[in-house]
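Q: Following the hints, position chain B against chain A.
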Amino acid sequence: MTVEPFALIVSLLQQMCVYLVVAYLLSRTPLFIPLTHVTVRWPHKLACYVIFSVFCVMGTYFGLQIDDSIANTRAIGAVLGGILGGPSVGVSVGLTGGLHRYSLGGMSATACAISTVVEGLIGGLVHRHMMKHGKMEPLFDPVRVGLVTFFAEIIQMLIILAVARPFDAALHLVQVVAAPMIIANTLGAGLFMRILLDRRALIEKQSSAFSAKALKIAARADGVLRSGFNEENSQRVARILYEETGVGAVAITDREKLMAFIGIGDDHHLPGTPITSAQTMQAIANNQVLYADGNEVAYQCSIDPHCRLGASLVIPLVGEDDRVIGTIKLYEPKTKIFSTINRTLGEGIARLLSSQILAGRYERQKTLLAQSEIKLLHAQVNPHFLFNALNTISAVIRKDPEKARELVQYLSTFFRKNLKRPSEGACLGDEIEHVNAYLQIELARFTGRLGVDIDVPDELRSVRLPAFSLQPVVENAIKHGTSQLLGEGHVRIAARRHGGDLLLTVEDNAGLYEEKPGGDGLGMAIVDRRIRNRYGDGYGVTVACEPDVSTRITLRLPLETVTA
Amino acid sequence: MMDILIVDDEPLAREELRRLLEGAPDVRIMGECANAIEAIGAINRQKPDVVFLDIQMPRVSGLEMLSMLDPDRMPHIVFLTAHDEYAVQAFEEHAFDYLLKPADPERLEKTLQRLRRARAPQDVRVLAGASELRQIPCAGVNRVTLMKLEEVEYVVSRAAGVYVVGADGQERFTELTLHTLQEKSMLFRCHRQFLVNAERIKEIRFQDGGLAEILTAGGHTVPVSRRFLGALKERLGIG
Chain A
240 MTVEPFALIV
250 SLLQQMCVYL
260 VVAYLLSRTP
270 LFIPLTHVTV
280 RWPHKLACYV
290 IFSVFCVMGT
300 YFGLQIDDSI
310 ANTRAIGAVL
320 GGILGGPSVG
330 VSVGLTGGLH
340 RYSLGGMSAT
350 ACAISTVVEG
360 LIGGLVHRHM
370 MKHGKMEPLF
380 DPVRVGLVTF
390 FAEIIQMLII
400 LAVARPFDAA
410 LHLVQVVAAP
420 MIIANTLGAG
430 LFMRILLDRR
440 ALIEKQSSAF
450 SAKALKIAAR
460 ADGVLRSGFN
470 EENSQRVARI
480 LYEETGVGAV
490 AITDREKLMA
500 FIGIGDDHHL
510 PGTPITSAQT
520 MQAIANNQVL
530 YADGNEVAYQ
540 CSIDPHCRLG
550 ASLVIPLVGE
560 DDRVIGTIKL
570 YEPKTKIFST
580 INRTLGEGIA
590 RLLSSQILAG
600 RYERQKTLLA
610 QSEIKLLHAQ
620 VNPHFLFNAL
630 NTISAVIRKD
640 PEKARELVQY
650 LSTFFRKNLK
660 RPSEGACLGD
670 EIEHVNAYLQ
680 IELARFTGRL
690 GVDIDVPDEL
700 RSVRLPAFSL
710 QPVVENAIKH
720 GTSQLLGEGH
730 VRIAARRHGG
740 DLLLTVEDNA
750 GLYEEKPGGD
760 GLGMAIVDRR
770 IRNRYGDGYG
780 VTVACEPDVS
790 TRITLRLPLE
800 TVTA
Chain B
5 MMDILIVDDE
15 PLAREELRRL
25 LEGAPDVRIM
35 GECANAIEAI
45 GAINRQKPDV
55 VFLDIQMPRV
65 SGLEMLSMLD
75 PDRMPHIVFL
85 TAHDEYAVQA
95 FEEHAFDYLL
105 KPADPERLEK
115 TLQRLRRARA
125 PQDVRVLAGA
135 SELRQIPCAG
145 VNRVTLMKLE
155 EVEYVVSRAA
165 GVYVVGADGQ
175 ERFTELTLHT
185 LQEKSMLFRC
195 HRQFLVNAER
205 IKEIRFQDGG
215 LAEILTAGGH
225 TVPVSRRFLG
235 ALKERLGIG
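Line order of the protein sequences matches chains A and B. Using our numbering, you'd call the opening residue of the first sequence number 240 and step up by one each time. Using our numbering, you'd call the opening residue of the second sequence number 5 and step up by one each time.
Think of the hints as simulated: they come from the structure by calculation, not from any bench. Quick caveat, the model's predicted, so the values are computed rather than measured. A hint or two may mislead.
Stated by the list, open to error - Computed list of chain A residues with no C-beta within reach of chain B, every gap over 12 Å:
id, residue
1, Thr515
2, Glu559
3, Lys575
4, Arg637
Stated by the list, open to error - Here are the simulated DMTMM-like cross-link-like pairs (lysine to aspartate or glutamate), alpha carbons at most 20 Å apart as the crow flies:
id, chain 1, residue 1, chain 2, residue 2
5, A, Lys642, B, Glu19
6, A, Lys656, A, Glu672
7, B, Lys51, B, Asp74
8, A, Lys444, A, Asp380
9, B, Lys206, B, Glu155
10, A, Lys573, A, Asp532
11, A, Lys573, A, Glu602
12, A, Lys573, A, Asp543
13, A, Lys642, A, Asp669
14, A, Lys638, B, Asp108
15, B, Lys152, A, Glu753
16, A, Lys638, B, Glu19
17, A, Lys718, A, Glu746
18, A, Lys455, A, Glu586
19, A, Lys718, B, Glu68
20, A, Lys575, A, Asp532
21, A, Lys718, A, Asp767
22, A, Lys638, B, Glu68
23, B, Lys152, A, Asp787
We treat Cβ as the ideally placed atom computed from N, Cα and C, and that holds for glycine.
Just chain A, same shape as in the assembly (with noise of 0.2 Å):
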């Protein structure tokens, strides 16, 4: 049968066009997600030589008989499995491709075999060439790809005349089939890359949209629950998830009631009124996320038989022990699909502010216990203090009205240090007062049976400290050592730096240190937690105790000096 070059080569373009569609109907699923990237790795490779072997067969049997021979698109999927995939993909998919053709049978079997392993082959040198170079987005370019497939029909053509018998055949052959194949080859080519980058770049498009949404949201909303989930922080969440990610409307629920919603419908969906939705109730009793599209799951807004909400997600925040905590919801209007991107996005979002939520928690009892600390430590101090000081002045007073007056003044200024509050930070040379204040009214309890030793430079009195940290060890010496001696007591205070540090020693004569623990040594042991939490592991409190003979206590805090 001899046919019209013209109409072989419409003919051929037709079938090619065919084989583009099954193409592109493949390119949407996953199936070709390895191919949109040059493929390195061995699954990634093994998936390339399924399936241009695939499209390679399906050339075959896409093409045109003519006389025993087949004008065919079987050069597309080696090409491009070798530029993809490399020479050995290339030349697998060439000899699958090839073995089959052969199978079949005709004048040109051979030839046809041969010359798709060498096209498979040619693919893949382009590929080697140009990854040596460092260059792979130019394998992706759909002109190249053509003019490759383009070369390698030539040679097909040549190894026709060169392998195929009789000649004459073999030249006639040629000259019906060359131009249709080497054109659709060549289109086919081309266009397959180009269905592969468009592919690409949705995939790409879809992914970067996605993470730039989630992480714009991310940023945006960031700790805003940290100091609290509560109304107004809610409202200001809501409001962000709702401009970033353009639904119909955003609500927050705690167990109880709605915490905040902005959007459609809010004219009746008012924040602190109780949840109605079951959806929401359900969600919330079985930590589920749950989402009725309006089509096969029915979505019906619980308030207004009239809301203009067609369809809406329900995730679950989820707090300490997976307890749920409230609810993340977001609406569509009957009129518009939930995006897939928006819900996944719903969820991530929801995890997100679980665990802000949580760490905002975690925070603030950790602040709350530090600040009880506190508390506990000045109740500590307070009234047997108190009482014994004012004990003392009474019998000072008449005595020595002058040094009464002296003695008042530093119980005064040690109730002003006491009642600074623990947040602020102090410095040594605040600390120093505090405990000399301290002191001075001790020294006139126990006149005689007390000595005092304060030793601390000048230049290491600006350095700062967590506030309260040296009397609570100053008062344990004197309660728990000195003053349990029948004879005279002696503490000794005094700083130093050593090398980047700062060491506070508080030594006593007394040498009656015990590890009590939850007894006396609570005001130590919180000392040493609060500059162990503030500083790290590295600094905190020592204790060096020679029974009978002494007990020092270190304090080791980092140089940092107040700038004034």
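A: For chain B alone, kept in the frame of chain A given last:
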């Protein structure tokens, strides 16, 4: 006349109380003590009628001190403390009185009136509770050693005072009398001058004339007089 002893570790507090008490015509202040150890000795020697006692004191508190006094010759105890609301509750019923520092002169006068009216000494067994003596305060230079009873081998009374001896053989001076120790602890009288810790008896060597000698776990010997041998045998369950 009412003989009073003031016990407080703060000189100014003692001074203040002394000044307040001196206003009363029928009060004589026998002395002041700065800690419980001194106080035990002073109470044993001077036998005051009333002791004004601070609670917070070095090593041995005022409360602990009560269990170290001879129960048969107990003075009236008036506690004085700066602040201790729990003790206020606990002792309201048992202590003769309980004053808070700084002491209010009018409140103190009430205490003195009650003391004048009081005839019989208070029953301090209630006050001291069923508390057995668990450690013996031994005074050294400048400090007090609290010796646990189970570590005591024996106690000996000499002309110079009462000494507690542990396994190390060292004699430690205590202000507590043999009588108090015998009453308040499981220490056993084996001789006019000796108490022995029955738990630490290793062997008893009988001698002529109804005498015996105890060898303690720490390797010390303690004499047993004829008068106490029978009771000792009974205590140890030997014939």
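Q: Tell me, which hint numbers fail for this structure?
A: As far as the earlier hints go, 4, 11, 13, 22 are violated by this structure, in ascending order.
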